[in-house]
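Top line first, the protein sequences correspond to chains A and B. The opening residue of the first sequence carries number 14 in my numbering; numbering runs sequentially from there. The opening residue of the second sequence carries number 94 in my numbering; numbering runs sequentially from there.
Hint data in this document are derived by calculation from the structure and do not stem from the laboratory. Note that the coordinates shown come from a computational prediction; the quantities given were computed from them, not determined experimentally. Where hints are given, some of them may not hold.
What the hints assert, rightly or not - Partner residues are not named here, just some residues of chain A that face chain B (Cβ under 7 Å, in silico): (1) Lys54; (2) Ile68; (3) Ile69; (4) Tyr112; (5) Ser118.
What the hints assert, rightly or not - EDC-like mimics (lysine to aspartate or glutamate), calculated; alpha carbons at most 20 Å apart, straight line: (6) Lys57/A - Glu101/B; (7) Lys115/B - Asp147/B; (8) Lys54/A - Glu101/B; (9) Lys54/A - Glu71/A.
Just so you know, even glycine gets a beta-carbon here, dropped at the ideal spot from N, CA and C.
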Amino acid sequence: DTAVSQTPKYLVTQMGNDKSIKCEQNLGHDTMYWYKQDSKKFLKIMFSYNNKELIINETVPNRFSPKSPDKAHLNLHINSLELGDSAVYFCASSQEGNYGYTFGSGTRLTVV
Amino acid sequence: AQSVAQPEDQVNVAEGNPLTVKCTYSVSGNPYLFWYVQYPNRGLQFLLKYITGDNLVKGSYGFEAEFNKSQTSFHLKKPSALVSDSALYFCAAPFGTYKYIFGTGTRLKVLA
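Just chain B, with the same shape it has in the complex (with noise of 0.2 Å):
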């Protein structure tokens, strides 16, 4: 079956130290990857996405995610965090033409 996983549920980083957000995923064919970001009381926010190509991917607001075939992982990384990085982070998946699969969310805390 298909899945996205996040491994964590919370992930606490000091203000401008690297962060990584984990996930990994179980698609057939070439996947399609996505990180979105929910702020307080917010829809969700569209991060970046892999389709194709280069394995690191940028996105909006500093944030960047590595695709690795081998490990099956789709990492959300970025190298120093904010405090307003602060919020919800989904890793993603379509499963078919007209269905994303989300992963269960990890929360991360950046303390300033």
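The following block holds chain A by itself, in its conformation from the complex (with noise of 0.2 Å):
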């Protein structure tokens, strides 16, 4: 069973569409997190939601809409895309109190 699940793993879409990448972890914990890697492997915190309220919002544009119905899920919804979104997109999960993350595979973005 693969603890932290992305889908889709690869995404190419056109500027101005709208689209969304899902994640769910089946671990049981309580916080989960997205995360973005840019060209040159940054890695940039965008969101937490702890038991599914919003936690961290890094200054993400608005465009950037994260969804957490249970805390076993935490989806991320992008509108307008642009070229500058282009990356991989992590989904990772903790449990509180012990910050060891576990890493989805990542979600290859490309907006061409």
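Relying on the hints, combine the two individually framed chains into one complex.
Structure follows, in structure tokens:
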């Protein structure tokens, strides 16, 4: 069983489109995250949710809207995609108080 | 400001030789420090962590890391490198409860 699963793995889309990335974890963790890895491999947090509540929004444009229907799911919807949104997006989860993360395998988003 | 630094973009080492991947930190209080590894087209995988206790921490795949408070360093080491260790390595530290800061990553290349 995959612990943190993201879909899709690859996403190619045109500028201006709206797309979603889904994430699910079966670890029973309380906290879930979205990270963006750019072309230079830098990792930057975008959002974190604890028990479905938004905890961190790291100055991400409001075209990005996370949604957590329950603590096992954290989806990322992106409106009006721009070329600069091209990156690998990683979902992760952790148990509060245990700072180790478990990462998903990533979604490579390419905006053309 | 809290930060984690990896001074080397790339480290090359011959197979069978010892390897070191460097990390220095600037965090307030007692630091929690982590190492993660990213293989091509994969998510990050946890290698090891330092919370408290022994300064030498052992982790997965034969890796270990040495916490040095006076030098504010947490270097990753392995006595004998394998070609399969070639990957991107990230040092990380929690910044509050719900966020990590990552270093910029070091690409390790083990030459046969």
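Do the hints match the structure? See the list:
1. Hint status for Lys54/A relative to chain B: holds, with the closest Cβ pair at about 5 Å, below 7 Å.
2. With its C-beta approaching chain B no nearer than about 5 Å, Ile68/A sits inside the 7 Å limit, and its interface hint holds.
3. For the restraint placing Ile69/A at the interface with chain B, the shortest Cβ-Cβ distance is roughly 5 Å, inside the 7 Å limit, so the hint holds.
4. Because the smallest distance between the Cβ of Tyr112/A and any Cβ of chain B comes to about 5 Å, under 7 Å, the interface hint for this residue holds.
5. With 7 Å as the threshold, the beta carbon of Ser118/A comes within range of chain B, its nearest partner Cβ sitting at about 4 Å, so the hint holds.
6. This hinted pair checks out: Lys57/A and Glu101/B have alpha carbons roughly 19 Å apart, not beyond 20 Å.
7. In summary, the hint linking Lys115/B to Asp147/B is supported, as the alpha carbons are separated by about 19 Å, within the 20 Å threshold.
8. Between Lys54/A and Glu101/B, the direct Cα distance comes to roughly 14 Å. Compliance with the 20 Å bound is thereby established for this hinted pair.
9. A C-alpha spacing of about 18 Å is found between Lys54/A and Glu71/A, which places the hinted pair at or below 20 Å, so the restraint holds.
In summary, this structure violates none of the numbered hints.
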